[in-house]
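Asks: Read off the chains here:
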Amino acid sequence: MSGSGKEAAVPDIIEVDKLTKSYGGKRGIKDVSFSVAEGEVFGFLGPNGAGKTTTIRTLMALIRADSGTARIAGLDCWGRALEIKRLIGYVPGEPALDRNLTGGQILEYFANLRGGVDRVYLKKLIERLDLDTSRKFRQYSTGNKRKVVLIQAFMHRPRVLILDEPTSGLDPLNQQEFDGMVREAREEGRTVFLSSHVLSEVEKTCTRVAIIRDGNIVRIGGIHELNDIKRYEITIAFAQPVAADAFARLDGVAEVEALNDGMAVRLAIQGSADAVIKAAARYPVVSLTSYEPSLEDIFLRYYERDGQAAKEAVGV
Amino acid sequence: MFRSIYLKSLRDYRVPILGWGLGLGALMATVLVAVPTVFATPAAKAAIVALGASYAWVAEPIKIDTAGGYATWKYGITILVVVIWPLLAGTGMLRGEEERGSLDVLLSAPRGRVRVALEKLAALWTALVIFGVVVGLLTFAGGAKLNGEITLGGTLAFGLNLALIGALFGSIALLVSQFTQERRTASGLTAAILTAAIVVDMVHRVVPNTAWLSRLSPIYYYNQSKPLVPGYGADLGAMAFLVAMTLVFSGAAMWLFARRDVGGVAVELPARNASATQALPTSDWSLRSLYARSLGMIATSTLWWTLVIALLAAWLVIIVKQTETQLRSLLQGSNVIAQVIKLGGADTATNEAILGALFLFLPILLMAFAVTQANRWSADEEEGLLEIVLSTPQPRLRVLLVRFSALATATIFISVVTLIAATAASAVYGVALDYGNLAAAALSMIPLGLLVAALGYLFAGWLRAALDTGLLSFLLVIWFFISFIGPSLKLPDAVEKVSPFFYYGTPLLHGWQLGDLLVVVAAGAVALALASYRFARKDIAA
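First to last, the protein sequences are chains A and B. The first sequence: position 129 = 129 (the working numbering), numbered continuously. When you read off a place in the second sequence, starting at 1, and then add 1000, the result is the number in the working numbering.
There may be inaccurate statements among the hints.
Claimed, not checked - Below 25 Å or equal to it, Euclidean Cα-Cα: the simulated PhoX-like pairs (lysine-lysine) are:
(1) B:K1538 x A:K18
(2) B:K1145 x B:K1008
(3) B:K1063 x B:K1045
(4) B:K1490 x B:K1145
(5) A:K124 x A:K145
(6) B:K1538 x A:K30
(7) B:K1538 x A:K26
(8) A:K123 x A:K136
The hints are simulated quantities; they were obtained by calculation from the structure and are not laboratory data.
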């Protein structure tokens, strides 16, 4: 098994090894390797153009890798595509469906292409996401289009769900429903492979995460393992002005910023805060606020180094 | 080129307009270059005059014994091809951008709607003028060795006339697209209007005292100008009328566009069922399989094409009697013409000889239908519509072959209905025909249509939809060109055999030509096999 943070003795359902794909001379992905255990909810993070969709489209046998292997349930993604597709539910990054069909017609059609689905479950999904199936696809809002695509991916209770930016365009209420659907899938032992650049979404639903950047995997680990590299912020307000320099050289302090004419400091900390707490105790402290960092912060760290737009990285 | 909407739009038009201009200009130049060969002997010239008279319904033969007259007559039917590009540009100008969502972004810029639309329209008109100049210059070059008979002023006026009819149909397309939700529908409706306009213009050349009816067609006014015909020249009044109509239709389109919702239509019909539902259409036959859905997707367009092709077949059968009368009067006292035309003696044979030549237009239309369907296959991949279908347990090969099977079904349907329509027309109007040969003529079109579709599917393995369609259309024009004027140019047999029309032959005269048809079937099968091989292995467009 490549990557860390995985629970032992669970077989891998997705195995990707040194997968490489380029588009003419342009970069796609290079030597991408990771594996996903059965029953896992795996997050695949990266900014726009990092290679998430290329990786997913290779898994779906929509494009063929230049080199390397990708397997799902032990089957080669390209050579055994048909068998694999019986196991999979898929949400593409930019879903396109026949504009002139209604949502109901689209779902009926794909249900038939899959050889029939559990109608009761399908209707439950429609109710759950509150989809009006009578409207034509072209008349749907972005969020409703996404609902149609999500339902078609879940409706046959696939063993593996491959979801490329699945919640893009969904409102918070439906995002919550989606989180519930992913949780239920996991409880039923199904595997979810979810790409996103919305880190809070991954934080809520995923057990493990891989980060891809410029076509290369830069980090794989459990959510908690990733936490050990994250930084967090503490803002300390004092009863009297305090020199920010007093904290600058302390162990674990990455950044210091003086606020309110020295009446407060904001510290970015990596690792233990012990030295900071002891140093602060020498002054009259009015308040101390700690901000728990999110995955967005971790993610940003990977992209701020080379000056790549942080906003793009977090998708804001 | 990105400084204004006008320049950006003009840039978008650069490849098609130059391609169209060079292609159609080269066609005209070749016709003129061939003139000395065609008019090599007095007998050959007389034969051309006779043929011109018998095919007057296609294009009016004015001074056909001159280079300019001959070229104008020969070019007559290409008006259909000339107008296709401006028609597509007209529907794509606003509706196409609305479909892609790019108009929303464009209209967020600080420019009024009418200004945006006007800049785009001006770019189209400029592009058409460039097209006209290119055609004019190439025509002039083609006629350079004809002792000054073809003048630069005449050829430029000829090009301008083409640009004007193009602009008019572009503006009709723009207006129609204000009423349709989809570009494709607007293109289909405008193409139907174009076909109707061409047929209505033909009427007065076939039925006496019907000029009043033909005046309703814009093509009539286009045909009033014949700048290449010595002593005939351009009809400035007719040209001004084309300009005026272009302004009226464009103005109406602008007016509607300024008032309607972006993404909406000018006249909103009340929704059939306003209440929301969460039901599923479990009894809908068209959703039951890939094949049923593929058939459902093309059902409407197939019905329209069937209507056009079958009605044209019936119309050709009806007018054959009149053409026959004209030919007979020409044949009297002219052994030369009789030898050239080689008509049989019996009525049935005569009818079939005339109709055989006219029927060549039917496979062209069926092949044009195949081009549109091949375009749809290519566009579906480009627009991502295959992505989710291919995520289901359907093999790629099956997806392609099933789509092709649906197209084959449609092609067979069109041919059979065409046969029924022609048979009915011959029975009702008393035109004696060998029904076996008629069946051969109608059903022999099927392999030609499928060959074009298979080639379209093959090209789609590498090319984007626009290029795929462009290449197929180009092939169609070249094939038509080879078969239509190839004999005049005395092209080598090997060249004539490149065109599928060669293998279609003259089934109305000679019945089933199975050996020739098998060549087309084999070529189509090879193209389809290669297309399948490619599709099973290629990266699906993102």
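Asks: Now, for every hint given, state plainly whether the structure supports it.
Replies: We went through each hint and held it up to the structure:
no.: 1; hint: B:K1538 x A:K18; verdict: 21 Å, holds
no.: 2; hint: B:K1145 x B:K1008; verdict: 39 Å, violated
no.: 3; hint: B:K1063 x B:K1045; verdict: 11 Å, holds
no.: 4; hint: B:K1490 x B:K1145; verdict: 19 Å, holds
no.: 5; hint: A:K124 x A:K145; verdict: 18 Å, holds
no.: 6; hint: B:K1538 x A:K30; verdict: 20 Å, holds
no.: 7; hint: B:K1538 x A:K26; verdict: 17 Å, holds
no.: 8; hint: A:K123 x A:K136; verdict: 18 Å, holds
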